[in-house]
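Taking my numbering, the leading residue of the sequence shown gets 2, the next gets one more, and so forth.
None of these hints come from the bench; they were simulated from the model. Possibly wrong hints are sitting among the right ones.
[What the hints assert, rightly or not] Taking lysine-lysine pairs in the DSSO-like style, the calculated list, with each CA pair at most 27 Å apart, reads:
1. K311 / K334
2. K384 / K228
3. K363 / K196
4. K363 / K299
5. K334 / K290
6. K228 / K182
7. K334 / K196
8. K130 / K334
9. K311 / K182
On a predicted model such as this, the values are computed, not experimentally measured, just so you know.
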Amino acid sequence: MSEIYGDVLTSEARLREAYWLLSAEGYDCKRMDRGTARDFQEDFSFWQDPMKLRRNRESALDSRSLHIIDKKWDNVTVFTIYTLIRRATMNIGIIGGAGRVGASAGFHLLCEGLVRRLVLVDILGDAVKGEREDMLQCTSVTGQCEIVAGSDPSAVKGCDLVIIPAGSRRKPDQSRLELIKVNVGILDAAVDAVKEVAPNCIILTVVNPVDVLNLRAYKKSGFPASKVLSLGNVVDTIRFRSYLAERFGWNPRDVNAFLCGEHGDSMVPIWSQASYAGVRFDAIEGVGKEALEEVYQKNRKAGAEMIRLKGGAAWAVAVAIAEVVRAIKNDEKRVLPLSVVPAGAYGITEETSISLPVIVGKDGVEGFLDVHFSPDELEGLRKSARIVADTYREIGTEGQ
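With these hints in hand, go ahead and build the complete structure from the sequences.
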């Protein structure tokens, strides 16, 4: 979608573009001349209240029509109006909404005010209806949100973002490759539904193995690579920063360290760029390589440890999902280690999907951060890329 920038727009062409954008979003837009501007100015407080600003495709919003003036007028701009509307009306679908990760993510998005319409889909019909009721009962505190539950993936029709944590857990007598093939089947069904009913959405895959399945989602959907993302190592990075802070007695929010590469054993800590409060680790007294390696190894095993202790991670994953959603919803241009198809970035030419420092905004992945990795880090990323590509070839490409 085209972008509109500027504090005050005076160009008739730009205003026509904004008029078209808002009309395409489903709003009843009407031009007005300066003679009726005062009425709109009085009503602007309505548009600033995101609780009242909700999309209604059947009629004008709250019995009002959105008016756009075609001349410079105070500080109220088409860009401001359009941005407010986008931020207040994000529709999100979760396929696998009754599972540990799906339900946790949905609830966290609700609490953070990141969603105005939440669609929960799961084959467990009663369970997903129960999750819907449980969340709905919170809205008198968390804020207004339309919550829908169902068993048919087509319920995500019109969603801006579809999160897919649906998948099977590994059984005791099941090989890793067998599990992957089962989850490919589940993912394929979800992606087929999504591309049919929400062809303009962004897909965020969460089910493991996330890198392999994100590559599958990209190939199966036919969407641009920028709109098919995997949570990848965002959750690992969140854990990593928390563990580093715990080990060294730091404030977790001041830790800046990334884990890239495969979401698995070959993940790559980017030590060359790691810092605390803006100071590189190697310049901080008492932060040695042995201690850092100890934290990294603990983090690498964290997912398996969570499965052993409580059956699987939930809250950290939900927080990680919310970080991605916030970056998209608010067009933050934030750098996050999402798993994406590199398409030649950093010299990685394999058909693969691994976590890399990408710039995330309203259109999904909007670019890659220009990072000078160390030779060891770059080799680690290439190794991860090969592992994911080789695993994908093992499962075959039937149904493409």
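* Asked: Hints broken by the structure, by number, lowest first?
  -> The structure breaks hints 1, 4, 5 and 8; every other hint is satisfied.
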